[in-house]
Amino acid sequence: MFGWIPVVMILFKRFEARLAASIAFVAGWMFLPVAAFNIPALPDYTKTTATCVGILAGAWLFDKDRFSEFQFNPADIPMVLWCTAPFLSSVANGLGAYDGLSQAMYQSITWGLPYYIARIYYSDLDAMKILARAVFIGGIVYIPFCWFEMIMSPQLHRMTYGFHQHDFLQTLRDGGGFRPMVYMDHGLMTSMWMVLGVFLGTWLLYIGELPKKIMSVPTLYLLGMLLFTTIMMQSVGAIALLFIGLLVLILSTRMKSSVLVMVMLLLPHLYIVTRTTGTWDGRNLSDFVAEKFSANRAQSLQFRFDNEAILIDKARQGTLFGWGGFGRSRVYDDKGKDISVADGLWIITLGQNGVYGLFAMVIAVQWPVMLFLLRIKAVEWKSREWASPAVMAIFLAIYMIDSLMNAMINPLYMLFAGGLTGMMLKTPEELYLSLRNRGHQMKINPGNELPKTRFLTVPQLSRSRFIG
36 MFGWIPVVMI
46 LFKRFEARLA
56 ASIAFVAGWM
66 FLPVAAFNIP
76 ALPDYTKTTA
86 TCVGILAGAW
96 LFDKDRFSEF
106 QFNPADIPMV
116 LWCTAPFLSS
126 VANGLGAYDG
136 LSQAMYQSIT
146 WGLPYYIARI
156 YYSDLDAMKI
166 LARAVFIGGI
176 VYIPFCWFEM
186 IMSPQLHRMT
196 YGFHQHDFLQ
206 TLRDGGGFRP
216 MVYMDHGLMT
226 SMWMVLGVFL
236 GTWLLYIGEL
246 PKKIMSVPTL
256 YLLGMLLFTT
266 IMMQSVGAIA
276 LLFIGLLVLI
286 LSTRMKSSVL
296 VMVMLLLPHL
306 YIVTRTTGTW
316 DGRNLSDFVA
326 EKFSANRAQS
336 LQFRFDNEAI
346 LIDKARQGTL
356 FGWGGFGRSR
366 VYDDKGKDIS
376 VADGLWIITL
386 GQNGVYGLFA
396 MVIAVQWPVM
406 LFLLRIKAVE
416 WKSREWASPA
426 VMAIFLAIYM
436 IDSLMNAMIN
446 PLYMLFAGGL
456 TGMMLKTPEE
466 LYLSLRNRGH
476 QMKINPGNEL
486 PKTRFLTVPQ
496 LSRSRFIG
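Under the working numbering, the sequence shown has 221 at position 186, and the numbering climbs by one with no breaks.
Hint data in this document are derived by calculation from the structure and do not stem from the laboratory. There is no bait here: all hints are sound.
Here are the simulated DSSO-like pairs of lysine-lysine, each with C-alpha atoms no more than 30 Å apart in a straight line:
1. 48 - 248
2. 417 - 164
3. 461 - 412
4. 349 - 370
5. 461 - 417
6. 461 - 48
7. 48 - 99
8. 247 - 291
9. 349 - 372
10. 48 - 164
11. 164 - 248
12. 291 - 164
Input sequences plus hints: build the corresponding full structure.
Set out below in structure tokens:
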């Protein structure tokens, strides 16, 4: 992974900066090892670290003016709160400022740096299109690797880097076969990556934003192969989220309303409130799954609910900022054995960083989506200009729902968040100018004006209160 930094710098020398950054993130996430090197006095060196450092170094050498484009805005505060939450947790629990600073640095690299890079590189429509196409092509590239591991078992990471990145038993599927991991942390993460590729590819092809052929192969054929591969990976939850996302996107554009996306944003809040207050224990849902689908899946689901319950009880005993690190948020028996299993990102965050950290994390992910919904009308999501940002916004809403059951942190998602935030902070004139420079025409505020909101005025493109 240490050799990845100079490779990324070479990309910046050979390609346009936004394309270089997109290639670096997509290729790095797809093929670098799932490993963490411990460096004294610094956060662990991971493939996210390598990619972010490489991009910043390449930008400093070949695109230095780009840094001057970033100006901190109140809209960035949710991400700052989330990145600094570990520091407050460590201090509140007497673990020391050094531990807090170390944890905050790691969180900033994992979440904050991709967000910052997106703010300087993906805050315009053209850049978001480049990123969207890169992710779609990345999904296509992964097809043969996924099929290899579905047939031969997940061995590519071990064959390339000498070790398995996760528990091999979790790759076994009911009825035989394997769920591929390729070079990602877990099979569920790989499934969500393929789902993202299908989601972007389907909408962009429908809108006409993708070429009809890629490398002389019909794009529709490639998309079909990508969808078929994703279904064969047997990740029911990820596939369900894919079709929900597509359905919400299609219905929203036809209804000319973003209300369905708002419902998606509310679901995690409802889940968290009902679970932490004990209002809902999940038993009726697991019974439904057992009756309609599979007893094994229902048992797995109820196991998650039961473990969430004991972890919630432990979290209640902690501070507003949680228990901090070192496994202090876990539950142990009389002999000191860890008897808890934390699957969802939300319950992990609640235990470690408390109510404060959980609130900061949820808002950091959802805030860019809210800005997008307030700024861009649903009727515009099927235009070529806004197709990519619309998919990314809805996928962030999907990701927060997925985080209720899984803890799959992907820096690409924070590129979406940072890019959406950066675009929504621009004036209508700036966005219109970028489109006009490309030869496109977009109507600004045709017809009747919509009512003003607390944050911004909302015709097709509107001015935000956060714009200085």
